[in-house]
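Asker: Here's the letter readout for the chains.
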Amino acid sequence: MKRTRMLEFGVGLFILAGFLGMVFLGLRVSGVTFQQADDTFVLNANFSGIGSLKARSKVTMAGVAVGSVEKIELDPKWFDARVTMKLDSSLRGKLSKDTTAAILTSGLLGEQYIGLSTGGDPDVLEDGDTIRDTQSALVLEELIQQFVSNFSKS
Amino acid sequence: MTDLPGQTATRTGADGQDAQASSRGAAGEINLDDALIRVEGLRFTRGEREIFSGIDLKIPRGKITAIMGPSGTGKTTLLKLIGGQLTPSAGRVEIAGLHVHGLSRRELFRMRRRMGMLFQSGALFSDLSVFENVAFPLRVHTDLPDAMIRDIVLIKLESVGLRGARELMPAELSGGMTRRVALARAIALDPDLIMYDEPFAGQDPISMGVLVNLIRRLNDALGMTALVVSHDIKETLTIADYVYVIADGKVMAQGTPEALNAESDPRVAQFIHGKPDGPVPFHYPAPDFAGDILDGRESATRRRES
Amino acid sequence: MSGLNRGPLGAITSLGRSSIDVIAAIGRAGMLLVQAGIGIPSREGIGLWVRQMHFVGVLSLAIVLVSGLFIGMVLALQGYTILVGFGAEEALGQMVSLSLLRELAPVVAALLFAGRAGSALTAEIGLMKATEQLTSMEMIGVDPLKRIVAPRLWAGFVSLPLLTIGFSVVGIWGGKLVGVDWLGIYEGAYWSSMQSNVDFIGDVMNGVIKSLVFGLVVSWIAVFQGYDLIPTSEGISRATTRTVVYSSLAVLGLDFVLTAVMFGEI
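Line order of the protein sequences matches chains A, B and C. All residue numbers for the first sequence refer to the UniProt record's numbering, where the first residue is 1 and numbers rise by one. All residue numbers for the second sequence refer to the UniProt record's numbering, where the first residue is 1 and numbers rise by one. All residue numbers for the third sequence refer to the UniProt record's numbering, where the first residue is 1 and numbers rise by one.
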């Protein structure tokens, strides 16, 4: 009987350890946070080019992560990219109407993210509003092309 | 088949005719009409080989019936057919009126609870102790409280003389002890029928004697129907009430032990008296010996040349 | 008869015969899975399952965790030398964790599991068959498919995902050990590059789903090979080898299929 209990105890520990491992993978490795889904603040922005930005890319403000890209789709009206961002709800009613969004690159070859910076307009962006002033992704090939053509002209 | 009085033995020839053989003095009556198991026209083939070509058996209730025959005649296969582990290609097996091979898997397992089987190797569960092995059928088939299971197991172990060995594991037992524990397990549920597969094979004389006594005593005390498959003629004949001899896929002879001892048919006599060669060939069927050897030499030469 | 066994006709005959054998074996394996796998577990059945969880799960833990640690360390070392050339060594955490979660942990843990637990299951069931324990169980009126095969099948199915999670956790920690503590990457970068690129559903859960499939397939192959073998010592040793070979091939093949389904359209 005693042996059976030891065995059951061992198996129980094994299963518990498995679940703890799962929690570790969830929290520490994939960075799942338990914030309420409805407690977010959604903004849109249209870009003429998004480079390699993808869903789940981060959105920062002054370098601090404040949200993530929810989805990216083509706007059939203007043929540009419409990016939906989910921001921290504490920013609701704080961002001025003339806030700009830019697609930035971390490092030379790193991943791309959106950087927001506020302006001075007294009106604020509401949930679901669209940011007018955007700056598209810097595409390395275009940059090199420009550089090369400028260089050959001079 | 006709009703056979206990004094006669019947020989079933290859042509299927019954013939009177001999008689013996007054003894226990064997009534083949009160049969627990009826086997009719049983045929079984394995691959290309026909193992049984139409066998009829009646195993009388409450008696010890022995099935004997040279090794390789499929005696163990016959037990497996009766237990429903193999399906015959033709014929039927009835146990207490139930058609074994017409049962569903669930019904078959229920029927087997009324049967015990002693395997040649004992087949004890190697991860359970002697006690737990004997308790196994009780635990899975009954809701008895632990204390009662303990009592029953100890009674069964006592009857095979191994009550003191209950804490041992199967790996620690000798061959004879293993078989006795297996016997205790087979009778744990007090089955109506118990089948012994070669119970005496590979046993030293002492444990052989112990097993002979046990089988006889269990039958007398509990009134179980017993079916013994064996080629140990002397021991089997001392305990059997009725004997079938099987060879070449057929029932070669049947009758009481006394009747078979006096049997005049040369094939039966050869088997019963253990003569090395006779009508039942010692050799497996083969082409002519001299021709075979020369043929081998030729092919070896051919191989060397090529 | 003998004419069909020789010459070119013989080759065709034997090809046909062996394909019939293979298909019949697949049929038997399917029936075994249905008969053993489906059913309501009893209280006793859970006890038997716990025993097998110990046998196939807990006892495989050591080899799986040690392998996970080393693989994580090697990944970090190899990844560092490549990434440092691009000045992107900060992305090491992402590289180590994604390789482990998506591919290496499910596959390597399943291969180790096949070698450690699968072969032992085959040998154990085969030995029970060879010593007539399965037959005698049937004669006692207990279905060995339910009593012997089912708990082992389910224990394998549950154990492997747990082992795979352990493999990933230890591997990621091993990567941190090499990358951060030895090669000197900033620890915050190791974790944050991981957190911003690993998706719980897309990466962690897909890895777990893979390991569930592998767990079922490996233990299915193992119990089937044990249950179906020729009950001699040679038969057991052959079946044990077959278990390891077939389950390794099945794991690698299925890994490709699952990867194509899960990550193919990205």
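Everything labelled a hint here was simulated from the structure, so no lab data went into it. Glycine is no exception: its CB is placed at the ideal position from the N, C-alpha and C atoms. Check each hint, because a few of them may be wrong.
Said to hold, decoys possible - Among chain B residues calculated to face chain C with C-beta under 7 Å, some are:
#, residue
1, Phe125
2, Pro137
3, Leu138
Asker: Hint check: is the beta carbon of Phe125 of chain B less than 7 Å from a beta carbon of chain C?
Answerer: 6 Å, holds
Asker: Would the hint on Pro137 of chain B be counted as holding, given a Cβ-Cβ threshold of 7 Å to chain C?
Answerer: Interface hint status for Pro137 of chain B: holds (5 Å vs cutoff 7 Å).
Asker: Taking 7 Å as the limit, does the beta-carbon of Leu138 of chain B come near enough to a beta-carbon in chain C?
Answerer: 10 Å, violated
Going through the hint list in order, the structure does not satisfy hint 3, though it satisfies all others.
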